[in-house]
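Asker: What follows is the residue order along each chain.
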Amino acid sequence: MKRRIASILLAGAMVASLTACGNSGGAGQNAGGKTGDGAKANELTVWCWDPAFNIYAMEEAAKVYQKDHPDFKLNVVETPWADVQTKLTTAATSKNLDTLPDILLMQDNAFQKNVISYPDAFKDLTGSGVDFSKFPKAKTAYSVVDGKNYGVPFDNGAAIAAYRTDVLKEAGFTDADFTDITWSKYQSMGEEILAKTGKPLLSCTAGESDLIMIMLQSAGGSLFDQDGNPSMVGNDKLKKVIETYVSLVKSGVLVEVNDWDQYVGTMTNSTVAGTINGCWIMASIQTAEDQSGNWAITNIPKLEGVGDATNYSNNGGSSWAVTAGSKNPELAADFLSKTFAGSVPFYETILPKSGALATYLPAADSKVYGEPQEFFGGKPVYAQITEFASKVPSNNTGVYYYEARDAVATAITHVVSGADIDSEIKTAEDTVKFAMGK
Amino acid sequence: MGNSKKKLSLGQKQSLAGWIFLTPAVILIAIMSFLPMIQALFLSFQTGIGAAMKWTGGTNYVRMFKDPVFVQALKNNFIYLIIQVPIMLISALVLASLLNNKDLRFKGLFRTAIFLPCATSLVSYAVIFRSLFAVDGLVNIVLIKLGILSTGYNFLGHPSSARIVIILALIWRWTGYNMVFYLSGLQNIEYSVYEAAKIDGASPFQSFFRITIPLLKPTILLTAIMSTNGTLQLFDESVNLTNGGPANATITMSHYIYNVSFKYVPNFGYAASMSYLILILVAVLAFIQLKVGDKRD
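For the record, the sequence lines run as chains A and B. Numbering-wise, the first sequence is residues 9 to 446 according to our numbering. Numbering-wise, the second sequence is residues 384 to 680 according to our numbering.
For the record, the hints were derived by calculation from the structure and aren't laboratory data. Honestly, I wouldn't trust all of these hints.
Stated by the list, open to error - Cβ-to-Cβ under 7 Å is the rule here; a few derived chain B residues that face chain A:
(1) Ala-517
(2) Gly-540
(3) Lys-581
(4) Tyr-647
Note that the coordinates shown come from a computational prediction; the quantities given were computed from them, not determined experimentally. No residue lacks a Cβ here, since even glycine has one placed at the ideal position from N, Cα and C.
Starting from the given sequences, assemble the full structure and let the hints guide the process.
Answerer: Have a look at this one:
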C-alpha cells in the first residue's frame, strides 16, 4: 500500500512536470504558428520584448495606422531580446526565413553583427519610403551597412543619472550638487551619503559592462578603432574608466548585484539612492509608484584627466528591422514610415507613459516633451534628456562588440579582486583578437 | 514469387515482422538524430561568419585548445565532474540503502521527498538557487540572523563560492534521481543474503561494503556514466544560476558553445567542433569506466 502511494505521488509529480514542459512548448508553437499564418495581406507580426515600453509603443503605432487603414491588423509577440537573437540566428542559418516575423526589434549594438552575418535575412529599406534624413546620423549609423539602410530607428539610449531626492536631502545634498560633476566628486559625495544613510549611490549588474561602456563613450572612447580592430591596450580612456569603476566598488558607493531583477530591485526597494543608465531605465523606475516625486534626473559625472570628457553618454537603444522573409515587406515599410518615421502625434502619445524618447527629430520640438513630469519632481525631464542626447559623443561598436564587452567585464572582475590593470587589459584585447581570428 | 514466400520459416516471418515494426522508428532516428550529427561533423571542419562557411580542415580543433575561455570552461566542467559526481553518487547510495530498510516507517514519503527535486524544471530550480544565494537572499539572511556573518556575502560574486553553489544545486537536483536507480537495483538483492550475513556476525557497514556495493556494481556503473555524460553537457545551471560568471569562473563548455553560436558573431563551425570534443570526452570516459568497472569475463 505504502509503495502504491509513493508510486502514485511520483507518477503525479512526473506528469505535472511533463505537462509543464508541454505547455511552454505549446505556447512557443502557437507563436510560431501565428507568424506562419500571417500571410494575410493586411496583417503584420512583430517581435519585441518590453510590455511597458516597445510593445506598448508598437500597439499604439498600430492604432495610429489603423485610422487610415481600418483593415490593418498587428500581431505583437513578446519575445525577449536573447530569444530574438537565438531565433534569428537559427532561422537565418537554416534558411527558413519564413519562421521570422515581418518586423523585429534589434538592439543597435547587435545590428551590424546580424546584417553582416546574414545579409540575406533583412530587407534593404533604402528607397522604401522611409525618410532617414529625419533621424540623427549617429543613430542611423548603427543600422547602415555598405551604405544601405536596414533599420528604422526607434528609441534613444541617452544616458541619465537618476537620484532619490529624499535620500540626498537626508544627507544634506540636492540633485543640483550632482549636475556637471566629475566621478571623484561623485565618489566623495557618495561616501558621505553612504555614511549618513547607509545607502550606496549606484548599483549595477556584475559581469555586464553597461556602466563601463557608458563611462567610455562619455569621453568619446571605444573598444575598437575606425577600422574595426580592437584598441584596448594603450587606450587611456579605458584604463581611466576601469580605475574609476574599481575605486567606486571598493568605496562601497557602487554595489554590484548578480542579475537584472536584483538590479531593478535595488531601485524599487529603495536600497540605493540613484542609478546611471540609458534613459529607458525610467520605465522601470516608474514601476515603484510610491516613490513618485522623489526622483530627479540630471547628467552623468565625467571622467577626469582624459581629453574630450563630457557629462553625456549613451546606453542601448534599438531599431526596427524588416525581415527578407516577410510576405508583406511593402506593408511593413509603409507601416513604419507612417508611424515611427512619420508621425509626431504618435510619439506624443507614447512618450508620457513609456518614456520612449524618440530619435525622430521632428518629434523633439513637440510641446509634450516640455511638459513637467510629476514622478520626476515636476521637471520637464524629457526636454532635459533630449538636450543630453544632442551632446552625446559618438563611438564605434564594431562587429565584435559583444565579445569585447564580455572580455572587458572579465578584466574588471579580475581587477576588482586585485589583478594588475595593464595585464588584464592586454588579456582582454587578446581574447577579442582571438575571437576575430587574428 | 509465391514459392519464395512459402519458403519463409516461422522464425524468419517473426523476425521480418519485428523489422517492419522497427523500421519507422529507425528511419525517424536516422533522419532526426544521426543525419544532423553527421552534418555537424562536416560543419566542424568549416569556418566562417554566419551563413558564409568555407572548408578549413582541422583548424577548429587546434583553435579550441588555444582559446583561453574554452580551456577555462573545460577545467570548470572537470571541477564539477570530479567533485560533484562522487559526492552525489555516494550520498545516493547511502540514502538508497537507508531507505531500503524493511523496518523503516514512512518509506514512501521519504523516497518521494528525495526524488521530488528531480521533477522541477531545470530553469526554475536554477533561478530559485540564484535568489536563495543572492546578497539579500534567504541563505544570507539566515547566516546574518545566526550571527555568522555581519553583512550579506555575495556567494555568486566569488569564483569558489559560485562553483560551490552550482555543485550544491546539482547535488540537490540529481541525488534523488540516482537513488531511484540504486533502489531498484537493491530490490534484486535477496533479503536472505543480508540475514545470513547478520547471523554470521557481519556489521551493517560490512554488509554495505561486502554485499550491497559488489551486487550493485552494474547499476553504479550505469549511474556513473550517466552522471559523467550529464556533467560534461551541463548548460542550464551555468546560464541561469551564474551566467558563467564571475569572470567565466563557472562557465561550462555547452554554455560557451551557445555564446559562440548565438551571443557573439556566430561561428557555427567552431561551435560544432567543440560539441564534437564533448562527444569524444564522453565516449572516452565511458569507455574507461566500463573497462574499470566491468570485471565480467
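Asker: Determine for every hint whether it applies to the structure shown.
Answerer: Going through the hints against the structure:
1. Ala-517: holds (6 Å)
2. Gly-540: holds (6 Å)
3. Lys-581: violated (24 Å)
4. Tyr-647: Hint on Tyr-647(B): holds, closest Cβ of chain A at ~5 Å, below 7 Å.
Violated hint for the displayed structure: number 3, the only one.
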